[in-house]
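2 protein chains.
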Amino acid sequence: MTRTLALAALAALPLIATPAAAHDLEREELFAAQHNAMQDDTAWEILRDLTTEVGPRLGGTPAEARARAWAVEQLTALGFANVRVEDYMMPTWVRGHERAHILAPFPQELVLTALGNSGATPPEGLTAEVVGYHDYQAFLDDDPSNQAGKIVFISNQMPRNMDGSGYSMPFGAPRWVGPNEAAKRGAAAIVVRSIGTDNNRTPHTGNTNFEDGVTPIPAAALAVPDAEQLMRIVNRYDEPVKMHLLLTPRQIGEQPSGNVIAEVPGRDPDAKKVMVACHLDSWDNAPGVFDDGAGCAITAAAAKQIMEMGQPERTIEIVWFGAEEVGLWGARAFAEAHDGTDYHVVAESDFGADRVWKVTTDLGEERKAEADALRAALAPLGIASGEYDRAGGADVGPLRAEGAPGLSLRQDGTRYFDLHHTSNDTLDKVDPEQLRQNVAAWTTMLMVMAGPVE
Amino acid sequence: MTRTLALAALAALPLIATPAAAHDLEREELFAAQHNAMQDDTAWEILRDLTTEVGPRLGGTPAEARARAWAVEQLTALGFANVRVEDYMMPTWVRGHERAHILAPFPQELVLTALGNSGATPPEGLTAEVVGYHDYQAFLDDDPSNQAGKIVFISNQMPRNMDGSGYSMPFGAPRWVGPNEAAKRGAAAIVVRSIGTDNNRTPHTGNTNFEDGVTPIPAAALAVPDAEQLMRIVNRYDEPVKMHLLLTPRQIGEQPSGNVIAEVPGRDPDAKKVMVACHLDSWDNAPGVFDDGAGCAITAAAAKQIMEMGQPERTIEIVWFGAEEVGLWGARAFAEAHDGTDYHVVAESDFGADRVWKVTTDLGEERKAEADALRAALAPLGIASGEYDRAGGADVGPLRAEGAPGLSLRQDGTRYFDLHHTSNDTLDKVDPEQLRQNVAAWTTMLMVMAGPVE
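Residue numbers (the numbering used here), protein chains in the order written: chain A, 1 to 454; chain B, 1 to 454.
Certain hints may be false.
Said to hold, decoys possible - Taking lysine-lysine pairs in the DSBU-like style, the calculated list, with each CA pair at most 30 angstroms apart, reads: (1) A:K429 to A:K358; (2) A:K242 to B:K429; (3) B:K242 to B:K184; (4) B:K358 to A:K429; (5) A:K272 to A:K368; (6) A:K273 to A:K368; (7) B:K358 to B:K272; (8) A:K184 to A:K242; (9) A:K429 to B:K429.
Bear in mind the hints are in silico, worked out from the structure with no lab data behind them.
Taking the hints into account, I'd like the entire structure generated from these sequences.
Have a look at this one:
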């Protein structure tokens, strides 16, 4: 069945029962908009150009500043109003050299990468015995005296799934809280198996944090094959494993960063706004395509679709947050400068470039009809109805804590953690068809949430 | 259908017509041997232990020497006779630092790796304009005056296929002959798109060669996503592309290397021998699992299967060649020290760890019946009959030039060039079931070629 026929068939179905609380969305209008979005390559072009012309853009660095300048130029050229940057300062960490070498019993190099906020080894590196654990609990259960002065190695295998369940806990524990705990136990350093689902020699970086008063130790993620190799050596042989580790990252103090903001002005200046968001920064090892150039491209392309239809009732605010990866600095600065209760809804796209498969909302009981209208409008795109009391998006978290209602257009994350925070997060991984489906989903969401376009 | 039932069904078929020239191979004996090989994990254990306990083993280096010592110990422990090393000396190249940075118009790092025999940049690197070509012919067609003093960039996309067609020519041309040609044209350096079928940021190294009298220039392979990024920048923008390149490999002169040899002694000491071969060395960026630890594991495990059945008529010679990757030094030394006409047949396994799908022979017209008997015996393993005038195997090439007949058990190479010469050539990529099918195929081949086991 061609798309035209499919749309015709859908148009013949009974009207979507739009509740009184939601505005009247004509089915033909909806299908036409979805059809247009599915033909549009604006998102692809934004994503291609950002990741080619800027490339990697670590929060707080000159590369992120170049990304902001690029973003202002592009968002202006796309026709958005009130394009601006809101600046803030942030403590900034930068990567140095990184190298690991098993000295005994079987000399060989291992591939790893420092975690954000990792401490540094001496300039010549450090040499210590490795003590290995299959998971975070086994590390906790062992006596700290077995860990003091050693390189702690924590392995655990993150399972592949669609929604990223388990990324933070339990599978992310070695990265999130392992370094701090190992430092407190007197470990010389810590290496963890990458929190990822691939088996490429492209290790997964990501932030870690040390409590106040705890001196950061060198902390790195091994590529999955290297973690398996090291665990094999630790497990199968009754010999001490000695490793030489070199990590020379640095904290370079407070640096400028910023959030880039643009608008589609609404007809009613007093109406609460609709925010569509992403984060503009990326890790330093890749041009940040899935994480999160795609989110910026999708949300801007959807807002542009609305703008081309006319003027919505509510103002659509596009926010490309800064410095998400390295500690949500942009999100926190934004929430401090703005009021979460000014928003009708806030939503972020930050889970790759694959298709949206589920919608969840957290609009409250009194807006259930609106939540249902959204579900009905998204259904033709193959998007399932999800929870009514849940919404995600790291950058909109602080605003939601201030009372902003949220929703999520959940993407298929089956391969997200193959690429996440690795050097492999590059343009070639994008499926343009799935990217366009995202634009159609976000356009649909805006048609429902931002009120009638005239 | 279970395997037992399948074998019973096959046993009920008419007898394989074994020609007079080949020995009488009982069908039950054949099926039992194939069944045993398909249950045996000897190959897996050899492969796991070589790649864990030795790891990467570049020809001419101490790591390759450790691999030889490991091999002698293991082949002896497996019960083979006359285990020995035949030494030779070889010129040796070692990798240094490697880094590429686009300076303009869009500053960013690219991932690349030096090709074997690459020249070095100055210690601080070199900066030059990039001149890019879509393929080798376009590079040849351009005027050398456009290339002198520049960094030549040659891109071409190697297609994925089953048998590796096109790896040497035409798709390998940028790597094999590009650097020499670029040096003659006065280029400052050359970077090529990796000769590979993946899109990971794990560049493919590999040897290149410079003619006598041509001074080697820095020569490296970009990871596929990086080559695409660079080509996008070269093509889409009307601005000069400036790159900083740092490559510090070194030629460290003549170093010791060697071939490791072991035997299953035959009942007839005057009969021509059967050689099963692989290469023990690997590139320096990976533990060399597909290339070619698997070949060593498969051939040794198959010879061990024969040894456990009894004594074959002909001596089986197992040769784990040294220094294949970096110029076939082991193969050439062996052919100088031995006589190709002493062999009934020579065969090498050097195309990964995936299943054998085709057999080809080059035994001559007078041994067609034997070639047919081999085909009939391999058929139950799902192995197709291929050419009668073709055989491969880089390390057995020099012996074949001296008159040794050859055959090939061709492996499915569909994913071989995803991993080939990259850091990603690690143990986790192996499918143990396919590895065992290889052992069954090589066991079968030896049953046909080495004469009756008693």
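Exercise. Taking each numbered hint in turn, which are not upheld by the structure, reported in ascending numerical order?
Worked result: 4
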